[in-house]
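Given next are the chains, with one letter for each unit.
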Amino acid sequence: MSSTRNKLIKILSEKKGEYISGQELSEKLQVSRSAIWKHMNELKKDGYIIEGVAKKGYRIISAPKTVTENTIMWGLETKWLGKNVIHRDSIESTQTLAHQLALDGAKHGTIVVANEQTKARGRVSRKWYSPKGKIIAMSMILRPDILPYLAPQLTLLTATVLANVLDEHCGIKPQIKWPNDILINGKKVAGILTEMQAEQDKVLYVIIGIGMNINQTENEIAEEIRNRATSLFIETKVEWEIVPIIQKILEQFEKKYDAYLIEGFKDVKETWENYGFKINERLKIKTAKETFEAIFRGIGEDGALLAEKSDGSVEKIYSAEIAWF
Amino acid sequence: MFKVQEIREIIRLIDHSSITEFCYEHDGATLKIKKETEKTVQVVQEPVTVQKAEQQVQEQPKALDAPKQETPVKPKEEPKQTETKAAQVEDDANIVEIVSPMVGTFYRRPNPESDPYVEVGDVVKEDTVVCIVEAMKLFNEIEAEVSGEIVEVLVEDGTLVEYGQPLFKVKQK
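Protein chains in written order, with our numbering: chain A, 1 to 325; chain B, 1001 to 1173.
Treat each hint with caution, since some may be false.
[Said to hold, decoys possible] The following label-pair restraints were derived from C-beta to C-beta distances:
(1) B/D1157 - A/E116: 29 to 37 Å
(2) B/H1016 - A/Q30: 32 to 40 Å
(3) B/G1028 - A/T78: 42 to 50 Å
(4) B/V1129 - A/K309: 34 to 42 Å
Hints were generated in silico from the structure; no laboratory data involved.
The beta-carbon is built from N, C-alpha and C at its ideal position, and this holds for glycine as well.
Full structure from sequences and hints, please.
Below is the structure:
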């Protein structure tokens, strides 16, 4: 990726359709006007529609809406996340490819993103129908220098990032179902699958997979899950551009992750509880040992679900099947 | 008592420093942190139950917040140190245990339809994945970290395991 081209696209985007002269561009970018012309042609190849008018200069008519390596990286304001993007038009699962890349030594912050997944993975092989161009399917490769037992907190952190982006960028308030499902009006709009390879006291890598339903219509959600799943389009009646949402997720994630490594889980906990689904309500918890009803009292300092039992005692739950009634 | 955040911060600082041993007393609570290798940080809690030689360490921290567990401390007592290791040596010097690095649900297979990662009799290498432990929807693929033969599976598929709980016995070559 040429950094000149990156800057060029940024300047053009900031002009929001106004003309900018070739002279001004060449001064700002410190390259010749013929170099600018070459970069413009490259952008056109990527689907940008650019108008060049004599004496006025250049302006962007439209940027490509499709997700590609270039469209994600252009204008992405991060320091380390998404600096290396692997994009596939169609893939079995971004998570599987991310594992292979991580084992081959992919750098911290590498992301794998696809327009379509043919074998989307949830845990327990739950199927996720992900039609082309209507979803976000992305996996992030991280190499955090933390102890393995702390890593589950990253799944809650990721959930708060998605919730924040939906809230601030899309203007709709989501809820987080413990530990990390994202709901809108009680239906699931996004899921997170986090996988880790670790030694006893060292994380080798963590892969955080994010799947989000964006532009599916009701008919494009599998019938058997229609009462439990939704898309951003169904909830907002707006067709969303996917690239900016991905960029917001990456930018927010980087900020939150960096802050978490320094300051710990406290902020994440606060944000999480702000979006928490059914806090102070009854739920039924099934662990390997027992099944019991409890009141959901928010999350602990480490992200565990706090379940208040009928005798008033509070149990920390790290792993269980939960019936949310 | 020490706050979780404080201990985490101390661990971080020590982890990134050249300090190998750190001891701090405050309000009758003692915090001892010992670093064995570059990457290993150990939080040694007092008091520690010393077990018979053939038994492994019982004083395993219990939950996710384990190494910061707040145990009443008697500062005057002679410090008895116990170490948490990835593999605990048993009476048979060649048998080591693979222990869980975190609290969570133990899964022997990648998904319910698959075969288990390993069976008794299988030969594993350091980087062989032997199981998954899940907590808060993070799936941790556990590597053997020793090479040898699986001689016993100590935990049933789908059950809850604690931090430090032995999962497999491996006979080293």
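How the hints compare with the structure:
no.: 1; hint: B/D1157 - A/E116: 29 to 37 Å; verdict: 33 Å, holds
no.: 2; hint: B/H1016 - A/Q30: 32 to 40 Å; verdict: 39 Å, holds
no.: 3; hint: B/G1028 - A/T78: 42 to 50 Å; verdict: 46 Å, holds
no.: 4; hint: B/V1129 - A/K309: 34 to 42 Å; verdict: 36 Å, holds
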